[in-house]
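> Dock chains B, C, D, E and F against chain A, hints included.
Chains as they are written, first to last, in our numbering: chain A, 286 to 608; chain B, 286 to 608; chain C, 286 to 608; chain D, 286 to 608; chain E, 286 to 608; chain F, 286 to 608.
Heads up, a few of these hints could be off.
Label-pair distances were calculated between CB atoms; the ranges are [unchecked claim]:
id, chain 1, residue 1, chain 2, residue 2, range
1, C, Ile327, E, Lys318, 26 to 34 Å
2, D, Glu343, F, Arg387, 42 to 50 Å
3, D, Gly369, F, Glu293, 45 to 53 Å
4, D, Gly369, C, Glu533, 34 to 42 Å
5, B, Lys313, E, Glu533, 23 to 31 Å
6, C, Ser588, D, Gly529, 25 to 33 Å
7, B, Ile302, D, Glu586, 54 to 62 Å
8, F, Val312, D, Gly369, 39 to 47 Å
The hints are simulated quantities; they were obtained by calculation from the structure and are not laboratory data.
We treat Cβ as the ideally placed atom computed from N, Cα and C, and that holds for glycine.
There are 6 protein chains.
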Amino acid sequence: MDIKLLKEINKNHLNCIVEVVALLVEVKVRTTKTEKQYADLIIQDTSKKMEVKYWEYEDNKQFFEGLGEATVVKIKGMVGEYQGQIQLTCKQIALLDSHEVRMADLIPTSDWGLDTLQKGLRYFYDKVEAPHLKSLLDQMIFTEEYYERFSTYPAARSVHHNFYHGLLQHVLEVLKFAYTVATTKKLTTRQQERLIVMCFLHDWAKIFEYKPLPTIGFTEEGTMLGHIFLGAHKSMNVMEEIEGFDHEDKLIILNGILGHHGKLEYGSPVLPKTVEAQILHHADCISGDIESILSFMTEQEESEETFTSKLWNMGTDYYKKGR
Amino acid sequence: MDIKLLKEINKNHLNCIVEVVALLVEVKVRTTKTEKQYADLIIQDTSKKMEVKYWEYEDNKQFFEGLGEATVVKIKGMVGEYQGQIQLTCKQIALLDSHEVRMADLIPTSDWGLDTLQKGLRYFYDKVEAPHLKSLLDQMIFTEEYYERFSTYPAARSVHHNFYHGLLQHVLEVLKFAYTVATTKKLTTRQQERLIVMCFLHDWAKIFEYKPLPTIGFTEEGTMLGHIFLGAHKSMNVMEEIEGFDHEDKLIILNGILGHHGKLEYGSPVLPKTVEAQILHHADCISGDIESILSFMTEQEESEETFTSKLWNMGTDYYKKGR
Amino acid sequence: MDIKLLKEINKNHLNCIVEVVALLVEVKVRTTKTEKQYADLIIQDTSKKMEVKYWEYEDNKQFFEGLGEATVVKIKGMVGEYQGQIQLTCKQIALLDSHEVRMADLIPTSDWGLDTLQKGLRYFYDKVEAPHLKSLLDQMIFTEEYYERFSTYPAARSVHHNFYHGLLQHVLEVLKFAYTVATTKKLTTRQQERLIVMCFLHDWAKIFEYKPLPTIGFTEEGTMLGHIFLGAHKSMNVMEEIEGFDHEDKLIILNGILGHHGKLEYGSPVLPKTVEAQILHHADCISGDIESILSFMTEQEESEETFTSKLWNMGTDYYKKGR
Amino acid sequence: MDIKLLKEINKNHLNCIVEVVALLVEVKVRTTKTEKQYADLIIQDTSKKMEVKYWEYEDNKQFFEGLGEATVVKIKGMVGEYQGQIQLTCKQIALLDSHEVRMADLIPTSDWGLDTLQKGLRYFYDKVEAPHLKSLLDQMIFTEEYYERFSTYPAARSVHHNFYHGLLQHVLEVLKFAYTVATTKKLTTRQQERLIVMCFLHDWAKIFEYKPLPTIGFTEEGTMLGHIFLGAHKSMNVMEEIEGFDHEDKLIILNGILGHHGKLEYGSPVLPKTVEAQILHHADCISGDIESILSFMTEQEESEETFTSKLWNMGTDYYKKGR
Amino acid sequence: MDIKLLKEINKNHLNCIVEVVALLVEVKVRTTKTEKQYADLIIQDTSKKMEVKYWEYEDNKQFFEGLGEATVVKIKGMVGEYQGQIQLTCKQIALLDSHEVRMADLIPTSDWGLDTLQKGLRYFYDKVEAPHLKSLLDQMIFTEEYYERFSTYPAARSVHHNFYHGLLQHVLEVLKFAYTVATTKKLTTRQQERLIVMCFLHDWAKIFEYKPLPTIGFTEEGTMLGHIFLGAHKSMNVMEEIEGFDHEDKLIILNGILGHHGKLEYGSPVLPKTVEAQILHHADCISGDIESILSFMTEQEESEETFTSKLWNMGTDYYKKGR
Amino acid sequence: MDIKLLKEINKNHLNCIVEVVALLVEVKVRTTKTEKQYADLIIQDTSKKMEVKYWEYEDNKQFFEGLGEATVVKIKGMVGEYQGQIQLTCKQIALLDSHEVRMADLIPTSDWGLDTLQKGLRYFYDKVEAPHLKSLLDQMIFTEEYYERFSTYPAARSVHHNFYHGLLQHVLEVLKFAYTVATTKKLTTRQQERLIVMCFLHDWAKIFEYKPLPTIGFTEEGTMLGHIFLGAHKSMNVMEEIEGFDHEDKLIILNGILGHHGKLEYGSPVLPKTVEAQILHHADCISGDIESILSFMTEQEESEETFTSKLWNMGTDYYKKGR
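In isolation and in its complexed conformation, chain A is listed as follows (with noise of 0.2 Å):
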C-alpha cells in the first residue's frame, strides 16, 4: 500500500499492513502482566503523530540500543484502533539513512522553497564585488564543508525558523531587510557590501551551536561558547588566511558579528560600533519577532478565541481578527 504520509492512514486501512517512513521519536519499554516487555513506539513526520505497539521488543533490544535522538525507520505494520485513534501494530522496523529520505517530508520545512532560497543567496552574494570580501563568503559558506550544513540548519531552537532550512530563510529576510535600509539611507557601495557579509555570517555558527535535525538541542560546545563568540571566531580566523584582508573591514565584520544581539544583555559582548552593524541588528530582531508571531498565529489558528494566547518571547497575547 502507497502510504506517503501518517494522515493518510485512515479507518479504511483497518487490520490492513502497511509500510511507512518516519521519524522514531519516542520509545518507552514496558512490561505485561506476564512480566514480558514490549515497547510504545511513537513516530511522526509532518502530518502527524502515532503510536506503534512493539510486541517483539525483548526479540530485538539491541536494535533499539544505542538509537539517536531522533532517527528515521521504515516500519511495517498492521492498523489498528484504540480509543478511536488509528494505531499500528509494528511487524518489522528498519533504519533508514536519512539520504534515503525527502526530510522536507518528516519534518516542518521552510514554504519558501529550496529553489527560491538558493537564488536568493547568489542575489545577495553577486552584490559583493570586493575580491576579500566574496573570497572570505567562498570559504566560510559556498565550499563543500559548510554548505550543505549552512543550508539545511534551523535557526532556532523553538519560537522562530526552527525547521529545516530555516537559517537559510532567516539569512535572506535578513538580507532584504537590511539591504532595503542601506541602499534606502544611501550607504556607500562599500559599506553596503560589508553590510551583505555581515548578514550572511552573523549567524553562521548556529551550525555548530545546534545538533543537526531532526534532533532539537544544543551541542556542548553551543551551550559552553555560544555561537556569537564561534562565528566570530572561525571568521577572524579565515580573515587573517586572506591576504591583504582590509584591516578595517575586518574590524566593522567582525563587531557586526560579535555586536548582532545589539544588547549585552542579549548576550552580545561589545555594542554594534558601526551603522551598518546596527541595521544588521534591527534587521536580525525584525526576521526573527515577525516570524514567530506568524508561526504562533497559525498555530492557534483553530482556537475559537479571539486572542491567541500570550506568546512568551513577544510578551503579549494577539489579535486573530481581520486578516
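Chains B, C, D, E and F only, in chain A's frame:
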C-alpha cells in the same frame, strides 16, 4: 551686494554694507556704561551663526516685543570684525513673512528633495485601495487643513529627522522598510493596506506636539498629552465619521498608533497586538536609530578621533573609519 | 419550597423538588454508554457552586445554543447526593431576564450598600461648582447612557474591586483619599474641583474595557486600546462640545486621566504633570493595594498558617495575626 | 537701627551702622596684597544671603576656630555697596545662643504654625487608648529627652519637609492620610491604634540621622546605620521594657518601621507584611511627593516658562498654569 | 534487631519486627471503609524516607496532638512490602528526647566534622586581640545562651548550607575567604580584627530567624524583622554594655552586619561603607554561590544529561563533565 | 643639579637651571600679542605635574609633530614662579627612549615590587602539572612574544589596577583568592589546575585592548572586539595547536574566559557554566572592587571630610575613620 548665505560674508566685505535674510534666534538687551540700552542679536542660516550689534535698540523697542521664538528677518548692516570673528552692525531690520523665503535656506532641510518625498508619498498612497482606508488618509493628510504641516514638520526635536520635511522623510522611510517586510513575509493585501495606513498616521500628531520650525520645542498640548494619544484620538474621530468603517480595521489601526513605541516604558499605553503593529514598531525604530547615527557621524566628521563621542540615545560611540 | 441561596439546600431536602435562581456558569455535554447525550451544568450564587445533571439535553439542545458566558437561570430540580455532595437533577430550566433578579444575590457585591455609595458620589459631585466641570460630569456619568454601567461595573478583573458596584466603590475611595490630601496640602479651590473631576473620570472607560458582570473579561476594544486611551478620548470629545471649556482645565484633566498609572511602564503614555495628577495617582494606588490585601486576607482566613501565601500583585505574604 | 530681616537693608542705609542677627554660613579667609589676612563671611536669614567683609580677622582668629557649621551671630556693621550689591563691613561680631533667637526668623520653617502642629499631634495621640501603645509613644516622643528634637527637626535634607518643624509636619500629614484610609477601609480599632503608633514612629530616628538645623547633613551614625535601623532598634528596646507589651503588636509595629520605604531597593530590609504597614508606606510617599512638587513649584514660580525644569526625584517637569 | 539506618531494612527482614529511630515528618489520618481511623506516617533519616501504617490511631490520638513539625520517634514495627516498596506496620511508637540521638544520623550534616569546624572557629577567634572585640564575640557566640544554636543551625532554608552545622561551616568559609583578601590587600591589624568579628556576626541572627532543625522554616520574628535587623540590633545592645567600646569600631561593625547583602535590593538597608564591609559581602556571596552549585551538582549527579537542569538562584545550568 | 622627582624642585632653585626627565603629556600651541607662536607644555612624573613654557616653539615645530600621546623627554630649563606655582622655562628638550628610564619613576606602579610579583606567578604556574595546560600557559604568557606586555600592562583604564604591572598584580590577586576558595571547597586537582589556568588567562587580551603605558586608552581592536572575545579567540587557537588538548578542559577554560564578567549585561556572551568559572568571576570582582576602594581612599586621604565623595563604580561613599 548679493549675499545668499551668511558664510559668504568674509574679510573682503569689511566696512561694507550688506543685506542678509536670516533667522533671528536670540535677542539680548544690554546696557552701555552710559546707561543706554542696545541689543546683541544672533542670526543664523543653514551655513552659519553670526552676531549682530544693534545700537538703536531704545528707539525701536516695540519691534522686538512680541517677536516669536525664531523669526525671519532682513538685516542691512555694516560688516565688522571682533576677536577674529566677522560680525555685523545692524542699520536696518525688518520682518519677513515666512512665505517670502525658502525655509531650506534658513534651516536644515531633508536632502531628499520635496519632489522625491512627494512622489514617495503618492506611491504608497496609491497602494491603498480600500475606500474607507483611502478616505481616512484623505481626511488626515491630503487635506488643506493638515498637509502643509505634515509635509514640513520635523519628526523629532533632536537626534533624528529634526529638520524641515523631517516628518515626511521619516514617514517615507518607515513605509519603505515596513512594506519590504510585509511583502517578504507574505502578509495579506488587507494587512498590507492597513500597515501602510498605520505608517502614514503613526506620528501624525507630531504636527500638534511640536511648535512649527524654525522654533524647536513642544507645545503645551504636546507635553501634557503627547503625540501618541493625540494621533489615536483624532484618527478615531475621523474613522467614526466615515460610514461603514470596518470595525476590525479600526481597532487594529488605532492599536498600531497607540503601540508604535513598542513597549509600555517607551510611552505606548498598549502593546502591539498584531503583526502589522509589530512591523510598524520595528520600522519606526530603524528609521530613527539609523538617521540619528548617520547625522551624528556627519556632525563629528571633522574631529580627528577614530571614534565619535558617545551618542546619548544609542548609548555608545561609533567607529569613523572604513566608509 | 422557598430557596433563596444555594447553600440553604441540605440533606433534609433529599429527593425533594426545589426551585432555584442562579448563574449558569458551565455546560459540559457528555455521552452515556448508550450513546445518549446529557449535560453536566454548574450553577452558582454568592453562597455556593453546585452541580446539576440534565438528562434531557438532547431534547433541548437549542436552549443551550447561543447562551452567553454567564446567564441567569431558574431551575426546578430534584435534590440528590453524590460522593457526599448535594447535587440537583434538573427537571425544568428557563432563562431569567437579568432585571428580574437582584444581581447582589448572584455575584459578589460591594458591602458598602448602593445607598451609601450613591450618597458618597453625590457628596463629591456637590463640591464641584464650576459649571463647565459640572457639565462634564453630567455628560460622562450622570446620564442615562452611562450611569447604569458606571454604578455596577467592577474596577478590576481580579485582585481588587472585582465585584458588583466595584468601580463605584473604588472611585469613592479615590475621592476620599485624594480630597484629604488636597485639603491638607491647601490646594486652591480650582485645583480641588479639578482633582475631584479627575477622580470621577480616571477609570471611567472600564465600562467599555470590561464585559458586564457576571461575565469576567476584557472586550476587544479594551484589550486593543485600553481604558486609559478610551477614557481620555471620550473626555476630550465631551469637553470640546462644552462651550468655553477652560483650556488649562482641559489639558490638566486629560493629563490626569492619561497619567493616572503614574509611570510609563504601568501604561500611562505621559507622566502626571500637575500636583493634582500626582495625588490622583497615589490615591488610585492605595485604593487598589489596600483592597487587594484585605480581600486576599479574607480569602485565606481559614487556613491555619500564620502567614498568607504570596499575593502576586504585591509580591509578598501577609501576617494574619493581631487583628 | 531696628533691622529685622536682611532684605530690609537697602541703599538708604548706605554708610550707616546696622545690627543684624543671622546665620553665619561661610567663612573664607583671604590675604591682601600686603599679606594681611581678612575674612569674607556669608550670613543669611530667611529673606536673603549677604556678604560681609571682616578686616580684623587676624586679631580675632580664635573666635572663628571651633565654630560649628552654621552658627547664629549678631553683627554690627557698616552698610556698603559692591558691584550693585549691598554688603556689610563688620565692626563687631558675637555668638548668640540659639535660644535667644526665633529659629523661624533665620531658617525656613513650617507654615502650619507650631500651635497647629502640636494640636494635631495631640489629636492623634488621644486616639490611642491601649496602655502599652500609649506608653511607647510617651517614652519615644513625649519625653524631655526627645520631644525638643522631634518637634524641630526637618524630615529630609532636601526635596521635601527640609525645614524647621519639618518632621513634625510630615508626621502629621502621614497621620491624616493614613487615618483616612484606615477608617474608610474599616480597619479594626486595634489596627487603627497600631497604625497611628507606626505613623508617629516611622521617621523618629531622623532626629539621630540628621544634624540639628541650621546645619544640613547626616551624622556619622546616620550615614552608617540609617534611620530605618536606628528607629526600629530603639523602638524594640523601649517595647521590651514595657511590661506585657503585646507580642503581635511588637512584631507588626517594628515591621512597619522597617518596611515603611515599601521596597527593598528603597532601603527597607523587609517588606510591609500587614495592611497597616502598607498604608503607612503609601501615606509616607504621598506626603513626601506632594510636598516636594509644591515647594519646587513655589521655587520656580518666577521663571517665565510654562513648565518647571525637571524635578529630579520625580523625574519630570510640571505645568505651572491653571492654579 | 540492630537497625542503624532505614536503608538497612530490606526484604530479608520481611515479617520481622524491627526498631528504628527516625524523624516523624508527616502524619495523615485516613478512614477505612468501616469508618475506622488509621494513620499513614512518613519517617526519615539521612538514608531514606519510609511509609509506616499505624492502625491503632484511634486509641492513641492524644499522642499525635501537639506534636511539633518534625519529631524524633522510636518505632517498633513489622516489616512489610507494598507495590515493591518496604513499609512498616507500627506496633509501638514513642517520643525520643532530641538529646538521646545524634542529629547527624537523622538529618543532612556538614561533612567537615564538628571537630574541624570548632578548631577553625577557635583559629580565627584567637586572631582577635582587642579586648572589646573579644568580649563582643564572647557574649554573642561563646556563651551558653547561644553557642548551641550557633553551632548547629543551618545557614539557609534551601540552596546552600541548609544542613546541621551549616551556619558554622558557612561562617568558617567566609572567615577563610575574607582573611585571605585582607592579608593580600595588606589591611591594618585593626581592620583585620574588625573584619573577623564581622564575619563571625553577619548571619548570627539566623539562630532566631529559622526554626531549629529538623524543622525547616522561618520563625514569625524572622519573617517580620529578618536576620539583618535582628543581628545588628542585638550586637548594638551588647556593644553598648561593653565599657569603652570604640565608637568607630561600633559603627563599622554594625554597618558591616547591616550591609552584608551588598545592595539595597538584596535586603541591606545601608550599603557597605568600608573596605572590610565590602570584603565581607563578597566572601558571603562566594560561600553561598559555590556551595549551592556544588550541592546542586551532587544532587543531579545521577541523571544522564551533560548539563544539570537550571539552578534557580544562579539562573543557569552547569556542565557536568570534566571533574 | 641632580633632580630625581619634579616635586624636589622648590623655591630654592628659583632662577637656576635644572634638568629633569618626565612624561610630556600636553602640548598647547599659543600666540603672543606679537603673533609669535610658543608652547605651553605639561610634564609629569609620579610626584607631580608641572607647567613648562617653551618660547622657541616656532624654531622647533618638527620636534612636536608626530609625538605620541605620552612621551618621555629630558628637559633642561630655568626654574621660575607664576601665581605661586613653580614653573620651568625650557631651554632644551629631547626625546628619551623609554628603555633609558625606569617607568616606575614616571608613572604609578604596583607597590608589590616586580620580584614579588614574578615569584607569585611562578608559584601558581608550578601548581599546574598537566602538560597540555602547562603548554597553554607557556605559549600564552611565558613566551617572548607576550611576557613583556603581560608583565607591564595595567588591568584597567581607571578605577583599579590602572598602573604599571597592574595586570600582573591583578592576576596574582585573582589567583590567590580563587585558590583559597578551590582548596577550601575541596575541588579536584583537575578542577584546581584548570582554575589556575583560567585565572592566568582571563584578562590576557588586555595587552591588546589597551595601548601601552604611559598612554592610557583603548586600541581600535579593543573597542571594536573587546578583551573577552580576543582572549578566548587566541586561547582557542593555541589550544587547537596543542596535540591532544583535552576537549572538556578546552570548553571549560574558554567558557571561563568568556564568562568571567559573570553576567550578560557586564559583557560576557555566555554565563559561567562550571564551579571554576563561577569562582573566577567572584575572585575577579573582589580584586577589582577592593583595589578600587583602597586606591580611592588613598586619593581622598587629605580631604577633611569624614566620608569620601562617591566612588562612581561602587555607587557609594566610604567612611575614612577607624583605620
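> Please go over all the hints and tell whether each is borne out by the structure.
Checked hints:
no.	hint	result
1	C:Ile327 / E:Lys318: 26 to 34 Å	30 Å, holds
2	D:Glu343 / F:Arg387: 42 to 50 Å	47 Å, holds
3	D:Gly369 / F:Glu293: 45 to 53 Å	48 Å, holds
4	D:Gly369 / C:Glu533: 34 to 42 Å	38 Å, holds
5	B:Lys313 / E:Glu533: 23 to 31 Å	55 Å, violated
6	C:Ser588 / D:Gly529: 25 to 33 Å	29 Å, holds
7	B:Ile302 / D:Glu586: 54 to 62 Å	46 Å, violated
8	F:Val312 / D:Gly369: 39 to 47 Å	42 Å, holds
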